[in-house]
Amino acid sequence: MFKSPRISKSLNPVLAGLVLLPLTQVALSSADTPAADNPAGTGSYDPAGGRAPVDGAYASEVPPEAIDSQDQTTLAADKDEQSIPVAEEIDFVRDNSFRKTFEESLKTVAKIDYYGTRYVDCEQYPLEIHTARPNQVSVLMKTGDSSRFEASKSNQGIRVRGTPQGLGVAEQRALLATFDFDTPIIELEKNSHAFKPLGMEKLPGMLTWKLESARSGGYRQILYVDSHHGDIVKVSIMSAQGAHILEVAPHDYREVDGIRVPFAIDYRSPDGTVLANDRFERVAVNRPRS
Amino acid sequence: MSKYLMSLIIGTALLALMPLGALAADAPQIPYVVLDKSLSQLRADFNANVGKVRMLYIVGPTCGICLRGMSDLQEAVYSKKGDDPRMVTFVIHVPTLGAREANVGPASRLISNRHTTQYWEETGITGKLMQQVMGVDKYVWDFWTIYGPKAVWSDERLPPLPDFWQHQLNGLPAEKKLDANVFAAKVDEFLAQIPAAPSPGTTAAATVKF
Chain W
1 MFKSPRISKS LNPVLAGLVL LPLTQVALSS ADTPAADNPA GTGSYDPAGG
51 RAPVDGAYAS EVPPEAIDSQ DQTTLAADKD EQSIPVAEEI DFVRDNSFRK
101 TFEESLKTVA KIDYYGTRYV DCEQYPLEIH TARPNQVSVL MKTGDSSRFE
151 ASKSNQGIRV RGTPQGLGVA EQRALLATFD FDTPIIELEK NSHAFKPLGM
201 EKLPGMLTWK LESARSGGYR QILYVDSHHG DIVKVSIMSA QGAHILEVAP
251 HDYREVDGIR VPFAIDYRSP DGTVLANDRF ERVAVNRPRS
Chain C
1 MSKYLMSLII GTALLALMPL GALAADAPQI PYVVLDKSLS QLRADFNANV
51 GKVRMLYIVG PTCGICLRGM SDLQEAVYSK KGDDPRMVTF VIHVPTLGAR
101 EANVGPASRL ISNRHTTQYW EETGITGKLM QQVMGVDKYV WDFWTIYGPK
151 AVWSDERLPP LPDFWQHQLN GLPAEKKLDA NVFAAKVDEF LAQIPAAPSP
201 GTTAAATVKF
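Chains W and C, in that order, are what the protein sequence lines are.
Each residue of the first sequence is one higher than the one before, starting from 1 at the first, in my numbering.
Each residue of the second sequence is one higher than the one before, starting from 1 at the first, in my numbering.
Treat each hint with caution, since some may be false.
[As the list claims (entries may be wrong)] Derived pair list, reagent style DSBU-like, types lysine-lysine, alpha-carbon separation capped at 35 Å:
id, chain 1, residue 1, chain 2, residue 2
1, C, K80, W, K202
2, C, K128, W, K79
3, C, K176, W, K107
4, W, K234, C, K177
[Claimed, not checked] Only some residues are given here: those of chain W computed to face chain C with a beta carbon under 7 Å:
id, residue
5, Y58
6, A59
7, E61
8, V62
9, P63
10, P64
11, A66
12, L75
13, I84
14, P85
15, V86
16, A87
17, F92
18, L207
19, S227
[What the hints assert, rightly or not] Label pairs and their in silico Cβ distance ranges:
id, chain 1, residue 1, chain 2, residue 2, range
20, C, V182, W, E255, 21 to 27 Å
21, C, V50, W, T117, 33 to 39 Å
22, C, V152, W, E281, 57 to 63 Å
23, C, A174, W, D121, 46 to 52 Å
24, W, T273, C, V152, 52 to 58 Å
25, W, P126, C, P149, 57 to 63 Å
26, W, A110, C, N170, 35 to 41 Å
27, C, G82, W, T108, 46 to 52 Å
28, W, R133, C, P149, 57 to 63 Å
29, W, K196, C, G171, 28 to 34 Å
30, W, K196, C, V182, 31 to 37 Å
These are calculated hints, taken from the structure and not from any lab test.
These figures come from a predicted structure and were not determined experimentally.
Even for Gly, the Cβ is constructed at its ideal location relative to N, Cα and C.
Please take these sequences and the hints and turn them into a complete structure.
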């Protein structure tokens, strides 16, 4: 257990000075806005937000249309230290034009088939993933000369046969249960209340919108949406109790027949260990004949 | 003067002399400066860095698009150029979209650069003054500017006209929308006007909260 060191008497006033300084700065730094009881700028996010407005100075020079909400009721954030609270998150994600064309195009797609390879450590396995509306998916993987792994989600439920390479059966089931043919942006259009905005978070190289949604089978997932292209770049799948099950990171998005699809998916355990990497050589987009 | 009082003063003075960069690197929270309505501190910081390329951003710390702009510039400018002392940045957070001072800290993390100072300006007058400078008919925020090494803030109130600017607002020219790569290339052009030899940084020396 950590023991606090004794401090000499002569040092005590010096430390007291160090402690006092931030308090004096609060007073000095804002001539026309004296510090209130809750000194701000000290770190953790406080939805009440810093000092109270003083003398009507707060936002007094900002036109009403740029203020939105003074009580921060529209701010979204979770308790994750990395999250940045943002205003009107759902509206920004839904209404931004960054992905509209692709979303509209995806609505006309009936099936998407992925052909590639799953890499697990030094092993590799031929892989096919077939997806179809509404939320059907089947995974086929050749795991040996005469063995294969099959998993599917359909109207009849989830079926898993064989051993999924890299992932455990529970993780594979969670993946299937949470599969969405449509993107969250399309889902947001249908039912924005199904998503809880969690603010933004910086991932390597990009800032993402964070959204949480409940999925079938009692799962929950946190989606990280690329704030430029609207691509899902990370999904954290959790149990109903909030235990992290799997991290999924689709990337290498490319445009295929008017929609954006990932050509790579990495799977990690909650502690960050890489479990498997899927790489797709070919993606086939199928639309119903008109 | 008693020894106690002397020690108190020394302790206070020692902390005040700590360099801004050290604070930023060691503390989980990026320090920021609280501006009053006169913007006098910002003006002083701006003019203290004449001879350098200065970037001045007006952002809302809870505006996702503004945050994305900061993130993009971190990738295109700051992560590539490092802590080039010829380049100084002022990020002014204004109270748009319900933002409060408490929102400055989390947003400030998006730019990691030793010569960048974050400010909270509670009235939002910064955007109004920039609106006057730009001669546009809407409040100016989510606004990204570059000033060349010769720029001086000489007016008592109004900042100088930017040498280059981009934005992410509706109603301003579409061709001037923030493009971090274009912005970074422009920063390079201005940096080319200054000798590459590093000089002792004159970062904004202000009353910093952390």
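- What are the numbers of the hints that this structure violates, sorted from low to high? 10, 21
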